[in-house]
Amino acid sequence: MPDQQFEPKIVGFLCRWCSYTGADLAGTSRIQYPSNIAPIKVMCSGRVDPTFVITAFADGADGVLIAGCHPGDCHYSVGNYKAMRRFPMLAKLLDQFGIERARLRLEWISASEGHLYADLVKSFSEEVRALGPLRWKQRIAPLCESVDIARSQAATV
Amino acid sequence: MSKPKVAFYWCASCGGCEETVVDLAEDILKVVDAVDIALWPVALDFKKKDVEAWAPGEVTVAFINGSVRLSEQLEWVRLLREKCPIVVAFGACAHLGGIPGLANATTRERILENKYFNAPTLDNPDGLQPLTACTVYGCDLELPEFWKDVKPLDEVIEVDYYLPGCPPPAKTVMSAVTAILEGTLPPKGAVLSPAKALCEACPLNNTKPETLSISEFKRVATSTPDPGQCFLAQGYICMGPATRAGCGERCIRANMPCRGCFGPAPGARDIGGKMLGALGSLGAADTEETSMVLADTLVDLVGTLYRFNLPASLLKRQYTSGTGVPPVM
Amino acid sequence: MIAQDEKIGVYVCHCGTNISGTVDVSAVAEYARTLPGVAIVREYKYMCSEPGQDLIRKDIEELNLTRVVVSSCSPLMHEVTFRKACNDAGLNGFLFQMSNIREQCSWVHDDRERATAKAKQLLAAAVLRVGQQVAMEERIVPVRPETLVIGAGIAGIEAAVRLADAGRKVYLVERLPSIGGHMAQFDKTFPTLDCAACILTPKMVSVGQHPNIELLTYSEVEAITGYVGNFRVRVRRRATSIDPTKCVGCGLCWEKCAVKKVPSEFDAGMSMRTAIYVPFAQAVPNKPVIDREHCLHFTRGKCGICQKTCPADAIDFDIQDEILDLEVGAIIVATGFTLFDAGELARYGYGRLDNVLTALQFERLSHASGPTGGEILTKSGERPGAVAILHCIGSRDENHLKYCSRVCCMYSLKFAHLVREKTHAEVYNFYIDMRAFGKGYEEFYRRVMSEGVHFIRGKAAEVSTVAETPEEEGKLIVVGEDTLLGVTRRIPVDMVILASGMRPAEGTEKLARILSLGCTRDGFYLEKHVKLAPVDSPSDGIFLAGACTGPKDIPDAVAQGAAAAAGALSLIDKGRVIIEPITSEINPEVCAGCQLCIMTCPYTAIHFDSERNVSVITEELCKGCGTCVAGCPSGAARQKSYEDSQIYAEIEGVLA
Chain A
1 MPDQQFEPKI
11 VGFLCRWCSY
21 TGADLAGTSR
31 IQYPSNIAPI
41 KVMCSGRVDP
51 TFVITAFADG
61 ADGVLIAGCH
71 PGDCHYSVGN
81 YKAMRRFPML
91 AKLLDQFGIE
101 RARLRLEWIS
111 ASEGHLYADL
121 VKSFSEEVRA
131 LGPLRWKQRI
141 APLCESVDIA
151 RSQAATV
Chain B
158 MSKPKVAFYW
168 CASCGGCEET
178 VVDLAEDILK
188 VVDAVDIALW
198 PVALDFKKKD
208 VEAWAPGEVT
218 VAFINGSVRL
228 SEQLEWVRLL
238 REKCPIVVAF
248 GACAHLGGIP
258 GLANATTRER
268 ILENKYFNAP
278 TLDNPDGLQP
288 LTACTVYGCD
298 LELPEFWKDV
308 KPLDEVIEVD
318 YYLPGCPPPA
328 KTVMSAVTAI
338 LEGTLPPKGA
348 VLSPAKALCE
358 ACPLNNTKPE
368 TLSISEFKRV
378 ATSTPDPGQC
388 FLAQGYICMG
398 PATRAGCGER
408 CIRANMPCRG
418 CFGPAPGARD
428 IGGKMLGALG
438 SLGAADTEET
448 SMVLADTLVD
458 LVGTLYRFNL
468 PASLLKRQYT
478 SGTGVPPVM
Chain C
487 MIAQDEKIGV
497 YVCHCGTNIS
507 GTVDVSAVAE
517 YARTLPGVAI
527 VREYKYMCSE
537 PGQDLIRKDI
547 EELNLTRVVV
557 SSCSPLMHEV
567 TFRKACNDAG
577 LNGFLFQMSN
587 IREQCSWVHD
597 DRERATAKAK
607 QLLAAAVLRV
617 GQQVAMEERI
627 VPVRPETLVI
637 GAGIAGIEAA
647 VRLADAGRKV
657 YLVERLPSIG
667 GHMAQFDKTF
677 PTLDCAACIL
687 TPKMVSVGQH
697 PNIELLTYSE
707 VEAITGYVGN
717 FRVRVRRRAT
727 SIDPTKCVGC
737 GLCWEKCAVK
747 KVPSEFDAGM
757 SMRTAIYVPF
767 AQAVPNKPVI
777 DREHCLHFTR
787 GKCGICQKTC
797 PADAIDFDIQ
807 DEILDLEVGA
817 IIVATGFTLF
827 DAGELARYGY
837 GRLDNVLTAL
847 QFERLSHASG
857 PTGGEILTKS
867 GERPGAVAIL
877 HCIGSRDENH
887 LKYCSRVCCM
897 YSLKFAHLVR
907 EKTHAEVYNF
917 YIDMRAFGKG
927 YEEFYRRVMS
937 EGVHFIRGKA
947 AEVSTVAETP
957 EEEGKLIVVG
967 EDTLLGVTRR
977 IPVDMVILAS
987 GMRPAEGTEK
997 LARILSLGCT
1007 RDGFYLEKHV
1017 KLAPVDSPSD
1027 GIFLAGACTG
1037 PKDIPDAVAQ
1047 GAAAAAGALS
1057 LIDKGRVIIE
1067 PITSEINPEV
1077 CAGCQLCIMT
1087 CPYTAIHFDS
1097 ERNVSVITEE
1107 LCKGCGTCVA
1117 GCPSGAARQK
1127 SYEDSQIYAE
1137 IEGVLA
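Protein chains in written order, with my numbering: chain A, 1 to 157; chain B, 158 to 486; chain C, 487 to 1142.
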């Protein structure tokens, strides 16, 4: 039974030309969808560094969506092909870490597909809800020794 | 004026970093000339109480190698931190977790089970397991606790400098020691190695073709790279583009693609993410199906991309290697 | 991390009740006060209004704000507005960030509590992000004075003439041998019943003669690079096999042409043309082309009679396609429409039954210069006694065109009028709803009703030849429900006209890719804003006019052509344009010269500087996709306005 109380946190990386505009269109068309997705606008799905996705999961996202123009329709001609190729590699990596493949989606949403965007957010939210929380830090906490020393800032220099 | 004192300590490590000190060769004499070694468990017998007896600041610098997995290691490194004004994480394990950090790909329980019950060379008819406390011949013995995970040094104490590498090259060690002696250290927190990625120094960098389109990823375990051409261009995952330079390109010169022991280049927030960003850009696939096929040729991504820094990566450890299956805890 | 001394101003907009109707704006504002670096929080009814912007300007001046966040609508809507307000008050506009709590929050979530929670999330992301933003100079580039107009139908002609009259150079590219588009095929135009040729031909002539218009017919755009103000366009001029400097258009060649049975595109297949031809008598340019698919010289390597006939020695079979590279500052796309293929609806018999015509075929039939000289005749050459006009063919149909094609009701009324006028036949219009919304249209509808035309409310179900009564014998029987009477009607007629809907012109999708334009679900080009920017495309410097964005009648197409010309002119006349600084650059201190970015860049904007051993981005060539940044393994590449640190701040904010 999926936890009905659990509200998944989904981060959506949306390309400015197609998917973000499509998501705006869902808004101007007043198509309702769940509030679980928080959009982050990027210029192209090819701009989505896999590190963004890893960061989102590490920081508490339960699901991540990457959405761009349909193959062939990229505003930058082939940026979305880069996203297309990175995606299965990244899904495979995350799977090995123990982040279920279904928590990461790559979808093509054009600027006119507001309804598809809304449908996508609905189905993805439900899917992630059924998987339950990821909440990475909490998930791995029982597998990590807690040492009460703050990690020094220096390490990230 | 008395010579400055230094300490060497090891945590979860293979001893290779200690070898580096020996590898200083004639230079070791210069070091010995310049400093007194106050602690070096690999070579000389010291007790913890000796260290506890040090006056604060008496020993200038502690070089600590190895990652941290035992409660005893925590005690020691905390003690050294307390006593020494400068702590240097020495080598990949202390810096980022290193090879022992790959233990974060599994759980403590699985490791113990393997080691004490399943290993093919095992002879353990009584099914003994290590305990933190036991009584032997009437004596109470205490053993350190084996942690659930491996941590880099800076996760348990504050670290002033990092000497990267598995192991750090003698030259780097020597220049670090010199900098400490001469007081010419960079700002605190620095990694004592060039701030660029390895391609900068790679002898094969100029063999990269103008365009690169990888249709299949290869592994050195199953085929041998051409030593005369950029490994990435041949389809081998060479971590060089995302890895900090300064190693002396030892692997490259031995026909081995970079394995990433110097850790992420300064701008690479997560080496796995960064490498996938690049690999995905270069793949030959142009449909969702062929992209999947290309990704399928990648084997053990965690082990390949985070070979030396899993505990210091963004995700720190694996939860389980099988989708949805909770780990044995 | 937001620096200690930052003073961020946060403004939460109600947007009337558009936002506040769903989002608890006060709660969002209250929450904003808890965010790091926030110095002042205000809420206001309409932030984009002048008093709203004044709030920002005043606070920047009086409170020395260092950064500004506005939570309101989509940044695609008002980012520029607020950025300018910041600039006006002396704060660098790139230290401003927007959070979209309308299009992607209040309008799509009806649960007040959840919408409010999400608005907070998005605001936190914007505040953390703005803390990472840096002051930048706007990039100003010069704009070339030339405009490219693609498509020479009435919209494209209008745009070209307007620009040319304003003294600007125009390249007018048309795929067909003549300009004029669909309007040139029409007989009369509704509701005034002007003859289409009479009002179009003078415009066509002026295009042909205008010193500022370079007409490129029989040509197609193959590639476009560059950006607003500085586009580079590659045009393929198909070989006409005619030397235009010698040809005088005397017509001897097509009189003698041995190939005489090519269905005329212009006459919608109602007549035949030759292989060397001008599409119609008033064509501009009025010089023939050789259709190499049908010409015997090209298909069989013999003939050449035209060449022998031509007194001007203008025919040259060796002429090759020509590639032209043009540089323009603005582009107007006016590629128009094509008719829905009535053959897709087999039940109406088009292509199967004689005397079932498409709207365009009827236009040609009724046209004075058409195949019958303007007489409305059946295939056997008789005047029809009864004609049915079926509305909404393909339109308003879930299985075909979901939308209303807007013009069909009116042209069907026009047809009804023409049939009554010319033949006195009984006319039956099968319609779903009558849509007569334009100036003079309702009046025209009333006029046609008074002319004795029968209107049957109901979509025709089929056109049959199976007679059930002697009167139906040999007729086309239109079967359909009369929804007003609630009965099924069977109307025997001699001719059926199918009022097909409009769909995007062939090649629309291909051109969309060349221009990086988006299309709607129906395949028409997507405007920047359907109401407020109907002739702007989402890409700066590219304008859209006429039926390429959706079905339009002539007045609307003309208005859009003129509007697009005005858009292009305002860009060109200013002579310079501000470009959003989103290009990428490579930090030479970090770059290891691995060159993977060079292989990633779709624009060959990156080159390797072997002296410094680093890769370098040429800003003029960079379009700012940021793909190289995601693909740079060492983190040396960075994208302005979309820096990694800014995205990470956003991630932190939305997950806070």
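These are calculated hints, taken from the structure and not from any lab test. Hints may contain errors.
[To be verified] Subject to a maximum C-alpha distance of 27 Å in a straight line, what follows is the list of computed DSSO-like cross-link-like pairs (lysine-lysine):
(1) A:92 x A:122
(2) C:747 x C:773
(3) B:205 x B:160
(4) C:1060 x C:1126
(5) A:122 x C:888
(6) B:205 x A:92
As the structure is a computational prediction, the values presented were derived from the model and not from experiment.
Hints, verified against the model:
1. A:92 x A:122: holds (24 Å)
2. C:747 x C:773: holds (20 Å)
3. B:205 x B:160: Distance ~22 Å between residue 205 of chain B and residue 160 of chain B Cα, so the pair holds.
4. C:1060 x C:1126: holds (26 Å)
5. A:122 x C:888: The given pair, whose Cα atoms are some 24 Å apart, holds under the 27 Å limit.
6. B:205 x A:92: violated (46 Å)
In the structure shown, a violation is registered for the earlier hint numbered 6 alone.
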